[in-house]
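Undergrad: Got chain A sorted already, so can you dock chain L onto it with the hints?
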Amino acid sequence: MTVIEAHGLRKTFGKTIALDGVDLRVEEGRILGLIGLNGAGKTTALNTILGLTQYQGELKVLGRNPWTERKQLMRDVCFIADVAVLPRWMRVSQALDYVAGVHPRFDCAKAEGFLAKTTIRRESKVRELSKGMVAQLHLALVMAIDAKLLVLDEPTLGLDILYRKQFYDSLLNDYYDRNRTIIVTTHQVEDVQHILTDLMFINRGRIVLSCSMEEYESRYQEVMVHPEQIGAARALKPLYERQALGRNIFLFDGVDHQQLAALGDARTPSIADLFIAVVGNHSGETQGAAR
Amino acid sequence: MNTQSNAMPNAPLEAQAVTNAAVAATRPLYWSIRRELWENRSLYIAPLTIASLFLVGFLISTIQQMPKMRATLVDPAQQRAAIHMPYDVAAFVLLLTAFFTGAFYCLDALYGERRDRSVLFWKSLPVSDLTAVLAKACIPLAVLPLFAFVVILATQFVIFLLSTAFALGNGFSAVALWAQLPLWKMWISLLCAIVASALWYAPIYGWLLLVSSFVRRGVFLSAVLPPFAIGVVEKIAFNTHYFADMMTFRLTGWYSQAFAPLAPGAASPADPLAQLTLGRFLSRPELWIGLAITVIFLALAVQLRRSREPI
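Listed in order, the protein sequences are those of chains A and L. Mapping the first sequence onto the working numbering, position 109 (from 1) lands on 109, and the numbers just tick up by one. Mapping the second sequence onto the working numbering, position 162 (from 1) lands on 1162, and the numbers just tick up by one.
Mixed in with the good hints, there may be bad ones.
Said to hold, decoys possible - Coverage of chain A stretches by chain L, computed from C-beta distances (three or more under 8 Å per stretch; other residues unrestricted):
no.: 1; stretch: 47–58
no.: 2; stretch: 65–79
no.: 3; stretch: 85–91
no.: 4; stretch: 101–109
Said to hold, decoys possible - Taking CB as the label site, the calculated pair distances span:
no.: 5; chain 1: L; residue 1: T1026; chain 2: A; residue 2: D177; range: 29 to 35 Å
no.: 6; chain 1: A; residue 1: D107; chain 2: L; residue 2: A1142; range: 29 to 35 Å
no.: 7; chain 1: L; residue 1: A1142; chain 2: A; residue 2: R121; range: 33 to 39 Å
no.: 8; chain 1: L; residue 1: A1021; chain 2: A; residue 2: K60; range: 25 to 31 Å
No lab work stands behind these hints: they were computed from the structure. Quick caveat: nothing in here was measured; it's all calculated off a predicted structure. Note that beta-carbon positions come from the ideal geometry of N, C-alpha and C, so glycine has one too.
Only chain A is shown next, with the shape it has when bound in the complex (with noise of 0.2 Å):
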């Protein structure tokens, strides 16, 4: 079942232009990343999928429209936009019995359980709580949500690494079941490459790469070539060269992995290093572009 269809999407504030375009496609059961830079895109075409924003162009989720669908959406979807977006004066009992009032798919007591795998208490006000605190009860309460899709954008923005992982354990263990599906934008794109399913690049409001997991493993190799060998490692005509530590790494897609296993030594690039190849030529222009 296709989960987001979207054609020639497209959102402008003014003159600038923040979705130029956009196909998407994602199936159940998926777990993609999108990635791009601030003011690439990603939060409003996040908030075209949500009905947060209107747009332009097509688009269905799970068969609906996101703007003028919303609220029958919001059973279906779950999101967390942003770090510590839960207001601060509730307790996390008030935040439990809320939910539970108004989500027909609520499930109280998995959200307990959650809760009692942390140090929050019951009583606890949000604001009495650590930012890592805070997006774990969110985590929480989104996690015993029975949703068919959840979309996360920048849920672990400025938590340190231990609540970061926790986090991406947690929501890989105890939700993801290859029937729903997790769309997530962050910046610390190492903490997600375990987990992903599918990779998005987004740029200047278009999407500039896109492919599986497994397209990505065998389609893209980074190349620590040796010396003597960087005049043929060029003619392979690599995606990007970059200097470290004295060698010359060289980022091929599409080649021969034992053509490239003769110039040095190769292995899968981080996500980190193919986002630079990809889009790193651009990010002068790209910053402030657009929104």
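TA: Structure of chain L alone, referenced to chain A:
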């Protein structure tokens, strides 16, 4: 839900489905109102504080004035006025408190959630913008008036007990005192006053909610300056004051229309219900125009809550 329906015999199935649908429709509203009360504790703290302060003041002034009263109040009308005064003042002060509490609540209701970005959390749940705005409008239009009514009732009852105790302690007849206080009728009259004022003030609350839904800063000034500016411009340009009169009537009209005016210096009538002029109040076009404007303001607020982003 399925297991429940299966266990039921077939006949009430449809009825149950209808009930379920009704429950499903009102649950988000109910919980949204509850969460407003969790967040805004001033909604009930303010009236309770004012009521307690009033009672303390009443106690002190009664202790001081009791000996004087015995000497001066021989005229029955004057006596009645003196006995009624604390009840009327208590009701007036608490109604005013409810109005201000409601007004300041409205100013922050749709602004605060954007400022602290919690709107991103509220919007992640299946509660429509219409439900959210209606819940917020219910606070000054229904919850606060109801609460004010209960608090005024309680305050007046304490006044009643205290004055009875003082009357007995100072050799007055309690029965004579009670004869001056038709409590049930007073309370019906009070209920009318509360409903009338809530309906009459509805466009004010609607306007404050609307302002709160779109401004990025300076909510109070954004709400107060435009009407003030219109009045000033009208005065300068045409040397008239229709708009200012309209605003004054909006603030005081419910009382002047729902209650017959007293002759200057006259005491309130023995029967409080005799003063009620509900027919006149309900036939004022300003009431119905005001309610129509409220609906427009709230509809705009719903649209703006949909499209506005967190600040």
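Undergrad: Any hints this thing doesn't respect? Which numbers, in order?
TA: none
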